[in-house]
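J.: Chains as they are written, first to last, in the working numbering: chain A, 1 to 323; chain B, 1 to 323; chain C, 1 to 258; chain D, 1 to 258; chain E, 1 to 312.
Keep in mind that the hints were calculated from the coordinates and are not lab data. Some hints here could point you the wrong way.
As the list claims (entries may be wrong) - Cβ-Cβ distance ranges computed for the label pairs, FRET-style: (1) D:His12 <-> C:Ala244: 34 to 40 Å; (2) E:Gln136 <-> D:Ala68: 55 to 61 Å; (3) C:Thr105 <-> D:Ala68: 50 to 56 Å; (4) C:Trp28 <-> E:Asp270: 31 to 37 Å; (5) D:Ala68 <-> C:Val13: 22 to 28 Å; (6) E:Ser103 <-> D:Ala244: 36 to 42 Å.
To be verified - Here are some chain A residues the structure puts well away from chain D; computed CB gaps all over 12 Å: (7) Ala61; (8) Arg123; (9) Pro151; (10) Arg198; (11) Asp247; (12) Ala302.
Said to hold, decoys possible - For the chain B half of the interface with chain A, some residues (derived, Cβ under 10 Å), not all of them: (13) Leu67; (14) Asp68; (15) Ala91; (16) Thr113; (17) Ala115; (18) Ser187; (19) Asp245; (20) Arg295; (21) Leu297; (22) Asp303.
We treat Cβ as the ideally placed atom computed from N, Cα and C, and that holds for glycine.
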Amino acid sequence: MHRTTRASAGPSEAASNAAHLSQPTATPRLPPAAHRTERTASATADGAGPASATPPLVHCAGVSCTLDGHPVLADLDLDVAAGERIAVIGASGCGKSTLLRLLAGLLTPDSGTLAVAGRTAARDRTGACALTPQGDSLLPWLDLTDNVAVPLRNRGMRHRAARARVQALLADWGLAEAAGRRPAALSGGQRQRAALLRALVADKPVLLADEPLGALDAITRADAQDWLRRRLRETATAMVLVTHDVDEALVLADRVLLLAGRPAAVRLVESGWLADPRPRDELVGDPALADARARLLAALRADRGADPTATGGVVTTGRERVA
Amino acid sequence: MHRTTRASAGPSEAASNAAHLSQPTATPRLPPAAHRTERTASATADGAGPASATPPLVHCAGVSCTLDGHPVLADLDLDVAAGERIAVIGASGCGKSTLLRLLAGLLTPDSGTLAVAGRTAARDRTGACALTPQGDSLLPWLDLTDNVAVPLRNRGMRHRAARARVQALLADWGLAEAAGRRPAALSGGQRQRAALLRALVADKPVLLADEPLGALDAITRADAQDWLRRRLRETATAMVLVTHDVDEALVLADRVLLLAGRPAAVRLVESGWLADPRPRDELVGDPALADARARLLAALRADRGADPTATGGVVTTGRERVA
Amino acid sequence: MTPRHGRAVAAHVLPPTAAVLVVLAAWWAVTAWTPLPAYLLPSPGAVITALVENWRTVLWPATAVTGAETLFGLGVGVIAAFLIALVVHTVTPLRRAIEPLLVATQTVPVAVLAPLLTIALGYGIAPKVVVVALLTFFPVTVSLLAGMEGVDPAVIATMRTLWARPAAILWRVRLPAALPQAFAGLRIAVTFAPVSAVFGEYAGASEGLGYHMIQAIPRLRTDVVLAEVVILTAMTALLYLLVAWLEHVACPWRPRGR
Amino acid sequence: MTPRHGRAVAAHVLPPTAAVLVVLAAWWAVTAWTPLPAYLLPSPGAVITALVENWRTVLWPATAVTGAETLFGLGVGVIAAFLIALVVHTVTPLRRAIEPLLVATQTVPVAVLAPLLTIALGYGIAPKVVVVALLTFFPVTVSLLAGMEGVDPAVIATMRTLWARPAAILWRVRLPAALPQAFAGLRIAVTFAPVSAVFGEYAGASEGLGYHMIQAIPRLRTDVVLAEVVILTAMTALLYLLVAWLEHVACPWRPRGR
Amino acid sequence: TQGAVDTDQTSRSVDVLLDWTPNPDHLALYTAQAAGYYDEAGVDVTFTTPSGTADAAKMVSLGQTDLAVSYEPDTLIAESEGLDVVSVAALVPRSITSLMTWSGSGISGPEDLAGHTVGTSGLASQETTVDWIARQHGVDPDTISYVNLSQGLNQPLIDHQVDATFGAYPNIEGVELAEHGDFPSFTATEMGVPDYAELVVIAQRSRLDDDADYAQRVRDFLAATARGQQDAENDPQTAVAALREPTAGAYTDEQLRTMVERTVPLTVNDRGFGRQDTADWATYANWMRDNGLLEQDVDGASGHTNDLLPEV
Ligand SMILES: Nc1ncnc2c1ncn2[C@@H]1O[C@H](COP(=O)(O)OP(=O)(O)OP(=O)(O)O)[C@@H](O)[C@H]1O
Ligand SMILES: Nc1ncnc2c1ncn2[C@@H]1O[C@H](COP(=O)(O)OP(=O)(O)OP(=O)(O)O)[C@@H](O)[C@H]1O
Ligand SMILES: Cc1ncc(C[n+]2csc(CCO)c2C)c(N)n1
Ligand SMILES: [Mg+2]
Ligand SMILES: [Mg+2]
């Protein structure tokens, strides 16, 4: 389905932009007010999306997950429409990466329904998703180019063709010079970009990105965000982005979910500020976005404050012993 | 030397803070104007430091470093006084981690002088520094507590004593619950905190931290910054912090250096906004800080724009091919 | 036992049992349906009979002797492997110097070594222990060294800034990191160990499985020989399982299976 | 040759040369200063003389035969190891089923196997090739499997979302990741290979180093026996160096040494 | 001598390295042991199986074992190599090494050896001997191919993998073979090779001279062994019973009985137990030297002594 949309890739930037201006994607236009929700399935569904009959591309209902006896996620609901961009924020250790691994079919939930593209089997979910893991998971014996080209090789493309295919992408991302180095000879940010590009090259309906830009400097990161926004729109790829940068979440995503509680579930959904494709500067100045940011940070703080045993808490008062 | 200072750790937060208010550390008070510098040794030395006769704790002069035939750093000058906090920012792949590895004596420069605590031999530098690497480098067979306690064990402390010693620290950093898990069962942010605490526990005159807080959510990160600021002041530990978050650099450091150019050197030094110990909120509102931030970002952008082959560049116009 | 546990046990026990049964069946079929004479390949039944008949008188005492040689030899071999790996790793020039000598120890056939060993140590258990140790230390040494050298240099570098002297790097980083690979070497070593003891006994003995085998082989008592091989296999399987279990216990952080 | 290069070569060549010279000197001293008879330990000079005198007539043809057996056997063994590891890794129940059988192959002494082998394959090179293959495939299999199973599960999981089917995981992830460990197994295997060929020859042969050794031992021609051991050692060292070089070429991403 | 037993038990031990695994060739030894003659003689005897035929001379020459069972050819080779050994008794005082073949192999005598494969136990002397026999019977030795079979001479013969073997004994291997068909056999002497003592007991020559106690123990051992030999000759069933335990797992009762019956006549020595004939030794040593089996000229007479044997 997203495949046909993707076929339009290739026209010049302007043409592509114009096309999107006149043909808005399936992403719903919601009123610019943010939705503060208590954790309820209905509220999530409300924020989740398409009022239309098309089933969501990603569907979670009442998903719980326990790792090694520790309940990490409980009764989590989440719907993502085709082509929709979702950002997930939450305290460190709250279960964001676990959620991505569940969606990608790399974990199975203890209970609840989990479907991607209508399929519930773990391997089908894996088939529909591309993952940028938190650690880059590059293959140490391949150079940067080969690492990025891995999905193409996996689909049967010849080595030289695959390398040639990713060349331009690497240049766009400032990786031309480092293209022939192996991961051990790459900087952290270079490795991270390689991992993201590798997932993009996989060309799947759903991109699951776990802090894909965290190791980039501010300028590179902003440019990467712009590039990514544009690319995802062009290819109508849905994305679930985990990020610790609330602004990045707000700039890149149609909806921002806050994962909170122990075990965690979606506690707050913010959306609707993004008249896609708005220029970045206009976006950043939008008071709706500032409101959303404030609400998200307040909720994040509340989550950590509310539960003293919560992970991620740094007690700022009291004596610390020098170890 | 820093050891005696550290012996004062233990008093309550308020007392400790008060002590620092009345006894400012050795950190120099520079005029609140930022120093925009062209790369010159004199300019760097100017920003670098103590006008007093005490030699700098960390001293680089004309340091160049080539990795595998690629010149990464050239003619770099940097001085860090005892107890001073330095932040290094720069485009992804410009050589920040390389700089830390040089300082830590894990690499030897091709040319130039490099000394820590007056010693130039690589092993002496290693002895004076503690490193939080960009990847966490935790030991997969040890649980979080044992990983953090590694420096104590290395200094001969018994296993139980070492574990007990780091307990409180882990609790402060919200790691109490995860304390018994091995790295594979930790979240990215938990691993990162463990790596930073491990370096702090090593209790060295110089802390070299390569993006130590990049995988933490906004609230945890802010708290961690506050904790770190306080702790470094209390223990008079010098820090060279690599970060991509300009605000973090400005909040945590006495001086912020911009590494730029190919090969890279220190191109801009910002300092003097920090009437230590100012409350965080006051700091964030400071227009001097906003100015510094603007200058740093502009310089970062200029660095990337100036050199089209520079690493870290993302070309925002032009056609991208779908791989 | 929970049903899940039961299923896990079944998954571990059924396939090897089935495989052994299939082999036994094939063996039986070959002996039953082909004119292969019994001195070449006796039927499984004949071997079991030989095993039972000779157990108390000959095989059990022989098993005890060969078992003791195997265990002592393995112990000496593993300790030697460990010490050699440590020394050779620590002193790099020594490594380059000693490595060819280590390889050379493996190239002297037992038949050449045996007279020298018996001259030095007599015909008792000692030369067999030496033969077992000599044949088992090498896989462990090679694997341990390879594991110690495969550690991510970034981890080593970081540890060096955290007060880790070379000794700490060795004990706290390289050795634990090398454990999984060392265990692979140990698996190889224990698999060779009982046969090495038998070889050692070929080289002059008055008891043990190898001694009896060498008597039975030219006498075409293949049923007895195979009964001894069955004992040897059981001994090896036991050691192998023991090592697998030790590995499981010693390396809990490792990914398991596929 | 640059001075740096020269120094690197020296660092690699000097220590082993020194070690070999030290061993030779010690050997020579023992033979010169103790009353150890020549039939037990001839002097290095006597061995070299035996080597030179018998080279053209006996030793060179024997070396060629044993060398061929070794190389063929190794080739078969490594290919078998590779195939077995692949199959056994791919089909988990098969693994559990086959593993004990693989271990069992190592517990059957060559002397027991030899008659069956010669009946099936005659007295030519074939049974020796089988013996070498049988004794060398196991270390490679075990190491390869251990390496394939030691891969970070996070990498596998990520790869699965990047269109990697099980075959791609195997070929593009597990096998390259296992290469260093497989090479450790191969080192062990090549070290055993020439001696295995000699063993194979003990069990029925009319040429080769093992054949001549077994003749020279009862004639108390220890000088000739040791000359044969020297050849065997040189052969093994050559193979070992070859594997080290192959590893160097095949795994350029690995940390080197300490 | 009785007193010596009481005062020093350990020094009265006699370690004997066998030529091979225990078999009916050793009937004198095991019969003496089973009957308690060694105990009566005050010697504590232990038998050990060696790693190979070369062990005997080496271990005796170095004093690692007190005595060893070896072969006359090997003893002569050891002497020519300068080893410190001497044969003190003949256990099997005649040559019994045989060429064995299967009926249908096309070999009905040494004259048919041309173009056939002969298995040996891997001794150079065996190939040389067969070559010599072939030449004596007008066969070009170069047409014979040899295979070293180490221990297992019989199985390849039964399976027709070789046409003949050289090195097996008719009283041992011959009995085993008989169960598998018809296997004609020819002893070396039948084919013209000078006679020699198949199995001898060797001792350390210099120590016999220097160490009176050692010489005495050897005497006591040989005297007791002579009694064992006598018992076996008188009633082979005594030897069968004595050999049952040491050969457990190797021979069935039936095989053992037949073998002992065939062996006893071969061990009978008309000159008295263990006696060796100097002329025979010299002749055989000359034959070996002529065929390149001895490095130096060895006087066969010096290779043995009858001085330690009991009086007849
Ligand atoms: N061994 C090596 N061989 C060749 N080039 C290398 C090697 N190691 C690092 N580099 C290159 O050196 C440059 C600097 O690397 P470094 O890790 O210091 O960057 P960085 O500033 O820390 O970047 P980041 O912010 O992405 O972590 C990079 O372009 C990298 O590709
Ligand atoms: N195998 C495991 N066994 C036990 N606990 C686990 C395991 N894996 C993860 N956890 C715990 O589950 C929680 C969620 O982990 P997860 O990686 O999903 O966090 P996260 O939200 O991605 O955090 P971060 O922002 O720090 O990456 C953490 O507290 C972690 O310690
Ligand atoms: C029962 C019996 N069979 C074979 C041999 C072995 N063998 C026979 S002759 C010979 C070499 C003589 O120089 C060897 C090794 C033995 N000792 N006893
Ligand atoms: Mg995470
Ligand atoms: Mg870096």
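J.: If a hint holds in the structure, say so; if it doesn't, say that too.
T.: Right, here's what the structure says about each hint:
no.: 1; hint: D:His12 <-> C:Ala244: 34 to 40 Å; in the structure: holds, 37 Å
no.: 2; hint: E:Gln136 <-> D:Ala68: 55 to 61 Å; in the structure: violated, 36 Å
no.: 3; hint: C:Thr105 <-> D:Ala68: 50 to 56 Å; in the structure: violated, 24 Å
no.: 4; hint: C:Trp28 <-> E:Asp270: 31 to 37 Å; in the structure: violated, 54 Å
no.: 5; hint: D:Ala68 <-> C:Val13: 22 to 28 Å; in the structure: violated, 44 Å
no.: 6; hint: E:Ser103 <-> D:Ala244: 36 to 42 Å; in the structure: violated, 56 Å
no.: 7; hint: Ala61; in the structure: holds, 22 Å
no.: 8; hint: Arg123; in the structure: violated, 8 Å
no.: 9; hint: Pro151; in the structure: violated, 4 Å
no.: 10; hint: Arg198; in the structure: violated, 6 Å
no.: 11; hint: Asp247; in the structure: holds, 27 Å
no.: 12; hint: Ala302; in the structure: holds, 32 Å
no.: 13; hint: Leu67; in the structure: holds, 7 Å
no.: 14; hint: Asp68; in the structure: holds, 6 Å
no.: 15; hint: Ala91; in the structure: holds, 5 Å
no.: 16; hint: Thr113; in the structure: violated, 25 Å
no.: 17; hint: Ala115; in the structure: violated, 25 Å
no.: 18; hint: Ser187; in the structure: holds, 4 Å
no.: 19; hint: Asp245; in the structure: holds, 8 Å
no.: 20; hint: Arg295; in the structure: violated, 13 Å
no.: 21; hint: Leu297; in the structure: holds, 6 Å
no.: 22; hint: Asp303; in the structure: holds, 8 Å
Of the numbered hints stated above, those contradicted by the structure are hints 2, 3, 4, 5, 6, 8, 9, 10, 16, 17 and 20, listed in ascending order.
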